[in-house]
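Enquirer: Residue numbers (our numbering), protein chains in the order written: chain A, 1 to 116; chain B, 1 to 112.
Please keep in mind that the hints were generated in silico from the structure rather than gathered at the bench. A portion of the hints provided could be inaccurate.
Stated by the list, open to error - Residues of chain A clear of chain B, computed beta-carbon distances all greater than 10 Å: (1) M13; (2) S62; (3) P66.
Stated by the list, open to error - Mimicking DSS-like on lysine-lysine, the simulated pairs with C-alpha atoms at most 27 Å apart in a straight line are: (4) K9/A <-> K41/A; (5) K41/A <-> K63/B; (6) K93/B <-> K36/A.
Beta carbons: idealized from backbone N, C-alpha and C, even for Gly.
Residues per chain, in single letters:
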Amino acid sequence: DTEVTQTPKHLVMGMTNKKSLKCEQHMGHRAMYWYKQKAKKPPELMFVYSYEKLSINESVPSRFSPECPNSSLLNLHLHALQPEDSALYLCASSLAGGRFFADTQYFGPGTRLTVL
Amino acid sequence: EDQVTQSPEALRLQEGESSSLNCSYTVSGLRGLFWYRQDPGKGPEFLFTLYSAGEEKEKERLKATLTKKESFLHITAPKPEDSATYLCAVQAKETSGSRLTFGEGTQLTVNP
Numbered sequence: 001d002t003e004v005t006q007t008p009k010h011l012v013m014g015m016t017n018k019k020s021l022k023c024e025q026h027m028g029h030r031a032m033y034w035y036k037q038k039a040k041k042p043p044e045l046m047f048v049y050s051y052e053k054l055s056i057n058e059s060v061p062s063r064f065s066p067e068c069p070n071s072s073l074l075n076l077h078l079h080a081l082q083p084e085d086s087a088l089y090l091c092a093s094s095l096a097g098g099r100f101f102a103d104t105q106y107f108g109p110g111t112r113l114t115v116l
Numbered sequence: 001e002d003q004v005t006q007s008p009e010a011l012r013l014q015e016g017e018s019s020s021l022n023c024s025y026t027v028s029g030l031r032g033l034f035w036y037r038q039d040p041g042k043g044p045e046f047l048f049t050l051y052s053a054g055e056e057k058e059k060e061r062l063k064a065t066l067t068k069k070e071s072f073l074h075i076t077a078p079k080p081e082d083s084a085t086y087l088c089a090v091q092a093k094e095t096s097g098s099r100l101t102f103g104e105g106t107q108l109t110v111n112p
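From just these sequences and the hints, can you work out the full model?
Expert: Spelled out as structure tokens, the structure:
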């Protein structure tokens, strides 16, 4: 089974709200990722957690705060977002974070975020 | 800098009309090349990983091939349900972690 689950499927929030996106996988993968995808564009990497430690932050604004409580869960905390942050947010996981070999990433269905 | 270019940007086929999508890449040292399929509003669905030139992989009506400069995704006798955006991505040997460089995608439409 190569399933990554994400909740919620849709989220509408105001610029002053605080919300969280959740991602879960039970494949024993030790690397988890957050991507942002705008319409008709490829996914853009935001964060990478490898063995539950933040290994990559692609200069993402601090209004996005990732958290990895354990090897199966990944959260993205949102605060004071802007309308231009509206996008599809994708979670992905891979076996070992690409340290030694090409590491296939499996994506979740995404959360459609709208910021009013 | 790693680069991936996909062509064409969009492709319209009639059901049963076979064709190929192209993914050209420039990377310092290829660790892997990945093909994904993405339906509107959904996450990318993994199709293939290719590791070295000369490698080929098949799944139903799809066949992916790899050379030192490009990859092709061949679609044989496509059906309307094959309509989607196909994304190509590369992972370089010198990249940090599993960072992928994506192409812009090819939007495939198969008409019945």
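Enquirer: So, for every hint listed, does it hold in this structure?
Expert: Verification of the hints:
no., hint, result
1, M13, "holds (18 Å)"
2, S62, "holds (21 Å)"
3, P66, "holds (14 Å)"
4, K9/A <-> K41/A, "holds (20 Å)"
5, K41/A <-> K63/B, "holds (24 Å)"
6, K93/B <-> K36/A, "holds (24 Å)"
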